[in-house]
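Trainee: Counting in the numbering used here, the final residue of the sequence shown is number 433, and the numbers go up one at a time with none missing.
Everything labelled a hint here was simulated from the structure, so no lab data went into it. C-beta atoms are modelled at their ideal positions from N, C-alpha and C, and glycine is treated no differently. Worth double-checking, as some hints may not be accurate.
With a Cα cut of at most 20 Å, we get these calculated DMTMM-like pairs of lysine to aspartate or glutamate [stated by the list, open to error]: (1) K118 to E90; (2) K107 to D139; (3) K281 to D236; (4) K265 to D139.
Per label pair, the in silico range of CB-to-CB distance [unchecked claim]: (5) D47 to I135: 28 to 36 Å; (6) R326 to N410: 20 to 28 Å; (7) D89 to G379: 41 to 49 Å; (8) I393 to K283: 27 to 35 Å; (9) N64 to Q294: 52 to 60 Å; (10) H160 to N261: 24 to 32 Å.
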Amino acid sequence: MDILNSIVAGMTKEQVRFFKLYISRSHFHEDRLDSRLFDYMRKSGEDYEEEKIVRSLYKSNDKNAFYRLRNRLLGDLNKSIVLQHVDEDENLYALHLLSLEKFFLSKNNIKVAHYFLKKAEAQALKAENAELLDIIYGDFIRLSHEMLSVDPEKYIRLRHENHERIRKLRAIDDILAVVSYRMKLSQNFSSDENPVFELLQKTVNEFSSDKEMAKSPTLRFRMYHSVTQVLLQKRDYLALEEFLLKTFNEFNADKLFNKSNHDVKLQMIVYLINTLFKNNKLKESLQFSEKLRQGMEEHQRLLYDKYLFFYYNSLVINYSRTDRDRAIETLNEMKSIEKIVSIPFYEMFIYFNLAVCYFDKKDFHQSIRFLNQRHSLKGFISADKSLQFKIAIAELMVRYELKDFDVLENKIRLVKRNFRNSSIEHRMSVKCS
Numbered sequence: 001m002d003i004l005n006s007i008v009a010g011m012t013k014e015q016v017r018f019f020k021l022y023i024s025r026s027h028f029h030e031d032r033l034d035s036r037l038f039d040y041m042r043k044s045g046e047d048y049e050e051e052k053i054v055r056s057l058y059k060s061n062d063k064n065a066f067y068r069l070r071n072r073l074l075g076d077l078n079k080s081i082v083l084q085h086v087d088e089d090e091n092l093y094a095l096h097l098l099s100l101e102k103f104f105l106s107k108n109n110i111k112v113a114h115y116f117l118k119k120a121e122a123q124a125l126k127a128e129n130a131e132l133l134d135i136i137y138g139d140f141i142r143l144s145h146e147m148l149s150v151d152p153e154k155y156i157r158l159r160h161e162n163h164e165r166i167r168k169l170r171a172i173d174d175i176l177a178v179v180s181y182r183m184k185l186s187q188n189f190s191s192d193e194n195p196v197f198e199l200l201q202k203t204v205n206e207f208s209s210d211k212e213m214a215k216s217p218t219l220r221f222r223m224y225h226s227v228t229q230v231l232l233q234k235r236d237y238l239a240l241e242e243f244l245l246k247t248f249n250e251f252n253a254d255k256l257f258n259k260s261n262h263d264v265k266l267q268m269i270v271y272l273i274n275t276l277f278k279n280n281k282l283k284e285s286l287q288f289s290e291k292l293r294q295g296m297e298e299h300q301r302l303l304y305d306k307y308l309f310f311y312y313n314s315l316v317i318n319y320s321r322t323d324r325d326r327a328i329e330t331l332n333e334m335k336s337i338e339k340i341v342s343i344p345f346y347e348m349f350i351y352f353n354l355a356v357c358y359f360d361k362k363d364f365h366q367s368i369r370f371l372n373q374r375h376s377l378k379g380f381i382s383a384d385k386s387l388q389f390k391i392a393i394a395e396l397m398v399r400y401e402l403k404d405f406d407v408l409e410n411k412i413r414l415v416k417r418n419f420r421n422s423s424i425e426h427r428m429s430v431k432c433s
């Protein structure tokens, strides 16, 4: 799948709706080729056939015209996505303001260029984007040749101070690289006296000549990301639990969480929920589920939609162990939430977990009912072959429990035929031998 198809396949309903409005803003035609191509890409997905759509759009089978159409569609999609989301990300908005400054500067409109450059500076400071500030201060110095109100000495000083910030950020990246490397070399963090924190502190002290750097929020957040990923790769959930709990409590105590890093806070809570679940601490995992719900309400529900599925998922995985009826109730509630079921993977999660819950309750008729609905789910056809295989095996298990042996024999033949040429069967034969 190329770039254009990938972008189209990954668009949300809101993005599709916005794009349709964007391309209809001017040059209205009853039969827009770009809209037809876009609709075909959305509907066909993995079954996209270039020759088929070329014949449909151009009677002369003009490939050159088709490629020009694709390029125009890609350009319009890029503009539409940026326009829709430019205000949602601090760094993206700062780049937008800087682009406006450079546009008006190219038109020799110095006054307007200066206005947008000031706005870009304020936004870059807010986002703590030192690399972008370096470009902005350079533009201020260049503008000083044209505007007496721009003091070059001020911005030369600011640029030197910013260079020092960039130097510290690079030093932080160097420290994190060493931390990650040393942690990967360490074979075991699961002892009673967990050496993770000692190793972190030792590495920071060894590679930092700046005493204040160890207290830097930037270093602490980046350290969190780096250590979490290493421990996840090692699947060392005991060490990860201890690290996450200590880090979360310290960040809270030091008041490091705010609106700009709220995503990190909620992500950390999700990691804690899943890690505690992995370590069979279901009560504590559910307590953090409630913390996640509360966090989703903060900052005027800034990230509510993004973490809605993760909240419900945290309830389902825990209730499936402690209270299956409540897990089923939660899954049925998820079915009624459009923002969840509109995403094919989430919809599959609901139906397959309902099948598993009813299987565990030995209600095999209900279990097979939800398994049979998989063929009507949008994401099932394009799902990974290994997932389709596991679901097919699950159906065989349910058919066996139902003593539906005639159907079972037919299903076994069907599974063998459908997965005969897949790498799954090859892996199974290798393991068996």
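Trainee: Each of the hints needs a verdict: does it hold here or not?
Mentor: Here is what the structure says about each hint:
Taking the CA atoms of K118 and E90, the gap is near 15 Å; set against the 20 Å cutoff, the hint holds. For the proposed pair K107 and D139, the alpha carbon gap of about 15 Å is at most 20 Å, so the pair holds. Under the criterion of a C-alpha separation no larger than 20 Å, the hint pairing K281 with D236 is consistent with the structure, at around 15 Å. At roughly 35 Å between alpha-carbon atoms, K265 and D139 are farther apart than 20 Å, so this suggested pair is violated.
For the pair D47 and I135, the supplied restraint of 28 to 36 Å is violated, since their beta-carbon distance comes to about 44 Å. With their beta carbons about 36 Å apart, R326 and N410 fall outside the hinted range of 20 to 28 Å. For D89 paired with G379, a C-beta distance near 27 Å fails the hint of 41 to 49 Å. Hint check: I393 to K283, Cβ distance near 33 Å, so the stated range 27 to 35 Å holds.
For the pair N64 and Q294, the beta carbons lie near 57 Å from each other, so the given range of 52 to 60 Å is met. Taking the beta carbon of each, H160 and N261 are about 27 Å apart, inside 24 to 32 Å as hinted.
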